[in-house]
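Below are the chains, spelled out letter by letter.
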Amino acid sequence: MNDISEAFVSSLGLILFLDSELLEIILLSFRITFYAVLISSILGIPLGAFLASTHFKFRNTVVSVLFGMMGLPPVVVGLFVYLLFSRSGSLGWMGLLYSPTVMIIAQVILILPIVCCLTFQIIESLHTRYHEFFRSYRIAKLKSVIAYIVDSRFELTTVVLAGIGRSISEVGAIIIVGGNIDHVTRVMTTAIALETSKGNLDLALGLGIILLTTAIVLNGFILFLRGKYLKTSGSTI
Amino acid sequence: MASEDTQIRINDLSFDIEGKTLLHNTNLSLNGDGITVFLGANGAGKTIFLKLLTGLLTPCSGSINFQGGSLSVKTCAFVSQEPVILRRTVLKNMLFVLEKITSEKSTLAKELLSLMGLDKKEHQNAITLSAGEKQRLCLARAIITNPEILLLDEPTANIEPNSTTLIEKYLIQKVRSSRKIFFVTHDINQARRLADEIVFIHTGRVIEHSSAENFFENPKTREARKYISGKIN
Numbered sequence: 001m002n003d004i005s006e007a008f009v010s011s012l013g014l015i016l017f018l019d020s021e022l023l024e025i026i027l028l029s030f031r032i033t034f035y036a037v038l039i040s041s042i043l044g045i046p047l048g049a050f051l052a053s054t055h056f057k058f059r060n061t062v063v064s065v066l067f068g069m070m071g072l073p074p075v076v077v078g079l080f081v082y083l084l085f086s087r088s089g090s091l092g093w094m095g096l097l098y099s100p101t102v103m104i105i106a107q108v109i110l111i112l113p114i115v116c117c118l119t120f121q122i123i124e125s126l127h128t129r130y131h132e133f134f135r136s137y138r139i140a141k142l143k144s145v146i147a148y149i150v151d152s153r154f155e156l157t158t159v160v161l162a163g164i165g166r167s168i169s170e171v172g173a174i175i176i177v178g179g180n181i182d183h184v185t186r187v188m189t190t191a192i193a194l195e196t197s198k199g200n201l202d203l204a205l206g207l208g209i210i211l212l213t214t215a216i217v218l219n220g221f222i223l224f225l226r227g228k229y230l231k232t233s234g235s236t237i
Numbered sequence: 238m239a240s241e242d243t244q245i246r247i248n249d250l251s252f253d254i255e256g257k258t259l260l261h262n263t264n265l266s267l268n269g270d271g272i273t274v275f276l277g278a279n280g281a282g283k284t285i286f287l288k289l290l291t292g293l294l295t296p297c298s299g300s301i302n303f304q305g306g307s308l309s310v311k312t313c314a315f316v317s318q319e320p321v322i323l324r325r326t327v328l329k330n331m332l333f334v335l336e337k338i339t340s341e342k343s344t345l346a347k348e349l350l351s352l353m354g355l356d357k358k359e360h361q362n363a364i365t366l367s368a369g370e371k372q373r374l375c376l377a378r379a380i381i382t383n384p385e386i387l388l389l390d391e392p393t394a395n396i397e398p399n400s401t402t403l404i405e406k407y408l409i410q411k412v413r414s415s416r417k418i419f420f421v422t423h424d425i426n427q428a429r430r431l432a433d434e435i436v437f438i439h440t441g442r443v444i445e446h447s448s449a450e451n452f453f454e455n456p457k458t459r460e461a462r463k464y465i466s467g468k469i470n
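Line by line, the protein sequences give chains A and B. For the first sequence, the numbering used here gives the first residue as 1, with consecutive numbering after it. For the second sequence, the numbering used here gives the first residue as 238, with consecutive numbering after it.
Just so you know, not all the hints are guaranteed correct.
Said to hold, decoys possible - Quick list of simulated restraints, FRET-style, between CB atoms:
| hint | chain 1 | residue 1 | chain 2 | residue 2 | range |
| --- | --- | --- | --- | --- | --- |
| 1 | B | ILE254 | A | GLN121 | 55 to 65 Å |
| 2 | B | GLN361 | A | LEU43 | 49 to 59 Å |
| 3 | B | LYS468 | A | ARG135 | 32 to 42 Å |
| 4 | B | THR295 | A | VAL65 | 24 to 34 Å |
| 5 | B | ILE254 | A | PHE58 | 47 to 57 Å |
| 6 | A | THR54 | B | ASP253 | 17 to 27 Å |
| 7 | B | ASN399 | A | LEU212 | 47 to 57 Å |
Because the hints were derived from the structure by calculation, they are not lab data. The structure displayed is predicted, hence computed values, not measured ones. Ideal Cβ placement from N, Cα and C applies to all residues, glycine included.
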């Protein structure tokens with residue numbers, strides 16, 4: 001108990017005095033999360049909206065596969081990306097292994113199905129309300145998909161939040177493809193794993209506090225946005 | 238009655254779903270102008286008929302012809318009983334249905350909103366409108382597309398009386414003369430106020446088709462007489 005409280009006080013010191021090593025790890029974590037969520041959202045939200053509003057022959061199969069991929073084990077994804085980008089792998093010539101770029105790629109593989117499927121669920125319910133209206137006015141497919149996304153923008157913030165949560169807390173895939181290299185690919189989660197194993201609890205706890213704070217601040221921000229929307233529109237999300 | 242070439246001809250139209258016939262082999266020749274009211278009890282097949290006319294449903298057999306050609310969805314605007322409102326401002330809802338937004342169309346949108354009593358709410362989020370205001374917006378949005386045929390599926394079923402009055406007045410004074418209106422209702426008094434001709438549907442069959450005057454003064458079928466006297470609804 002004493003060790004934990006000492007580590008807690010020490011970690012607060014690291015945060016308050018903006019320890020350069022800690023800051024570097026935090027910034028890299030945020031950078032990787034930002035790009036992984038951005039790419040997943042750019043790809044996943046339109047794809048989810050398209051799948052929710054379009055009927056084609058193998059739609060149910062595609063949707064089932066995507067829903068199945070929501071539970072992809074991170075270490076398996078890590079291993080797959082590792083094999084792909086390792087020297088003997090088919091994309092080995094790119095030399096991306098143990099770089100932040102390949103960590104982003106692994107995270108996109110993990111987050112994309114989540115973003116896509118949650119978007120699908122949100123827009124499917126909107127589609128039941130809108131599709132007859134769109135058909136009767138012969139609204140073009142692209143315009144209708146954009147309208148679905150625009151009209152469910154506040155619900156989709158929750159989707160992005162889920163993506164951020166998955167990305168920032170992920171460790172299994174990025175530790176395999178990133179290698180947890182100091183000053184290169186070390187992020188909060190991999191650093192916590194390493195520092196805990198080394199017994200360096202103050203740095204691990206400091207990182208843990210920042211992870212938790214990030215999650216709380218993000219959730220609070222999304223709740224604030226939702227509340228603001230409810231207030232101005234009188235709508236229930 | 239309209240001349241041959243301005244009529245809407247419905248030939249052998251039928252619609253089945255899961256082996257159940259919801260509209261039986263229907264042959265009709267409807268006026269190409271004025272207001273045609275589809276009357277009938279709940280579940281009679283009025284909405285199915287209207288959706289077949291818009292092209293939202295595909296008939297199992299038969300065809301619909303208008304002015305010598307096929308009745309294309311492009312010439313129709315459909316307003317459903319439940320107003321479909323996009324989560325944006327009233328004015329943006331109006332402009333959404335246009336292929337191209339021009340300054341003339343923007344001005345027309347504002348004029349239509351003014352006619353519908355919504356001019357002071359054009360920048361308000363449309364979701365916050367009352368049920369009647371939403372339906373008035375839907376009607377204005379349908380008109381801005383300049384359809385040849387306006388199809389209204391019980392547009393005043395769940396709205397406040399002042400909105401019903403405004404919509405009826407607007408249809409009679411501004412729309413009736415310039416385009417064909419199909420209007421579904423089971424409100425007999427509303428049918429009396431609006432209809433030029435009546436199509437009476439009972440259990441998926443058109444059993445009476447006549448001018449409104451004839452229908453209400455001299456209904457030919459027992460079902461129509463019962464319906465008018467309020468014994469079936």
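Results for each hint:
1. The hinted range of 55 to 65 Å is not satisfied by ILE254(B) and GLN121(A), whose Cβ atoms lie roughly 27 Å apart.
2. Judged by the Cβ atoms, the range 49 to 59 Å given for GLN361(B) and LEU43(A) is violated: they are separated by roughly 35 Å.
3. The hinted window of 32 to 42 Å between LYS468(B) and ARG135(A) holds, with their beta carbons roughly 37 Å apart.
4. Against the hinted window of 24 to 34 Å, the Cβ-Cβ separation of THR295(B) and VAL65(A) comes to about 30 Å, which satisfies the hint.
5. At about 25 Å, the beta-carbon gap between ILE254(B) and PHE58(A) misses the expected band of 47 to 57 Å.
6. Remark: the range hint 17 to 27 Å for THR54(A) to ASP253(B) is upheld by a beta-carbon distance near 26 Å.
7. Checked against the hint of 47 to 57 Å, the pair ASN399(B) and LEU212(A) passes, with Cβ atoms roughly 55 Å apart.
Consistency with the previously given hints fails for numbers 1, 2 and 5, ordered from lowest to highest.
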